[in-house]
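S.K.: The chain contents come next:
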Amino acid sequence: MLSTVHPSDTDSSQDPRPEDAGITYLRVVDADAYADWEAVYRDNVDRLYRLMYARVGNRPDAEDLTSEVFRTALPPLGMASSKGEVRAYLLATAKTVLAAHWRRHLGLPVTSIDEEADAGYLAEPSGPEPLSDAPQRAGKILDALPDRYRRILELRFLEACSIKEAAATLGVTVSNAKVLQHRALRMAAKLSLELEP
Amino acid sequence: MNNRRLPAFLDSLADGRRPKDFDAAPEDVEVLRTAIELRAARPGDAQPDAAFVSRLHHELSAQARSGPASISQPVKRRRRSTAVAAIAASFVLVGATAAATEALSQGPATQVALGAPRATSLRTGTFETTDGQVMGQIVAYKGSPSWVYMNVGDSNYTGSIVCKLQVDNGSTVATGAFMLHAGKGEWTKAIHVDIGRLRGATLVNSSGDVVASATLS
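Chains as they are written, first to last, in the working numbering: chain A, -8 to 188; chain B, 18 to 234.
These aren't lab readings, by the way, just hints derived from the structure by calculation. One or more hints might be untrue.
[Stated by the list, open to error] Rough simulated footprint, nothing fancy, chain B against chain A, three-plus residues with beta-carbon under 8 Å:
| hint | segment |
| --- | --- |
| 1 | 135 to 141 |
| 2 | 172 to 182 |
[Unchecked claim] Calculated cross-link-like contacts (lysine to any residue; reagent style SDA-like; alpha-carbon spacing at most 25 Å):
| hint | chain 1 | residue 1 | chain 2 | residue 2 |
| --- | --- | --- | --- | --- |
| 3 | B | Lys201 | B | Asn186 |
| 4 | B | Lys37 | B | Leu73 |
| 5 | B | Lys201 | B | Asp185 |
| 6 | A | Lys74 | B | Ser234 |
| 7 | A | Lys74 | B | Ala42 |
| 8 | B | Lys201 | A | Ala30 |
| 9 | A | Lys169 | B | Asp28 |
| 10 | A | Lys131 | A | Thr160 |
| 11 | A | Lys155 | A | Asp134 |
| 12 | A | Lys169 | B | Phe69 |
| 13 | A | Lys74 | A | Lys131 |
| 14 | B | Lys201 | A | Glu59 |
| 15 | A | Lys74 | A | Ala30 |
| 16 | A | Lys74 | B | Lys37 |
| 17 | B | Lys181 | B | Arg214 |
| 18 | B | Lys181 | B | Val227 |
| 19 | B | Lys37 | A | Pro51 |
| 20 | A | Lys169 | B | Val46 |
| 21 | A | Lys74 | B | Arg72 |
Fair warning: this is a prediction, and the values are worked out from it, not measured in the lab. Glycine included, C-beta positions come from ideal geometry on N, C-alpha and C.
Please put together the full structure from these sequences, using the hints given.
M.R.: Right under this line is the structure:
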């Protein structure tokens, strides 16, 4: 449930609002705000999913993390906040949720969310294509690899081939395809570091 | 790649399956990151599945219907109708620049929404440990009263923890203690200070050591 009005802290007893005085309160809103939690959800679910997908690289985890962000962020969310503020809050929540994910599953922060660098994921406009530069960066890494290394990674990671299909395409055994993928990823990782801005 | 579980993780990524947990070594990180980056570049996969979007919407609807969460539940029960009405009003009374008024039918107080310029009403920050690990978040809302909400997830600490809020001149304007259970906890506090003046917050353990700190942006 959504509320910004009455925090449950014991200090709430100090809430200066006189409840029984019949007073008319002014609450300032503006056009750049969400009407309700569903508007927050509809406007940001695709954006948040894309961000999480870019950070974990698989659909099941991206869905779980997107769900966790909304479950965590919506209850205390203030509807009087602007869209930009709400998105900044969602991004901060996403950062925490992703960090906890890696700590829980691998013990190390493999990827992270930078509230400034990744703000574009939640910014207007939200089109159907991912806003990240992942395809460009992936292309640069792949282009710098030897042919067979590039090909095994293209087949496996971009063209959705199974290891058997990739092995057949390359004319090698499954075991050899695994070794090839293994070595190709190590070299790609080194190249990725060199391509860091 | 010195970990036997790493190739399995990478294969799962390539195959689009949920990878299994393992204790990654620091030297694995760049390989994992590169594999994720390559996988994320696969055309067409970055869009959420419609069934997932619908399922999550239903789940969140149920959560919303179940009533205010613990962090937002009014302390005084008689406030509840007012709070709920105010929330409802905040959903309804969002307008453009024209002034809008609506009397609430519930509760003794009435709220009026005005379309007008508004200062920052929400500020956020991330709690990070001294070694840069993300530990939680803090959100400050402007309101009557203003309040802060923070949560800590998956820390390695269990027990009482003190949060100190600092303003721009470095002084502490509010403190509060809450418990972390299995490394998790959350805390909400009303504050009587302009949230624009808040600089950040510090989490301190029972020994007085700083566990994490956050800067509000």
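S.K.: Need the list of violated hint numbers for this structure, in ascending order.
M.R.: 1, 3, 5, 7, 8, 12, 13, 16
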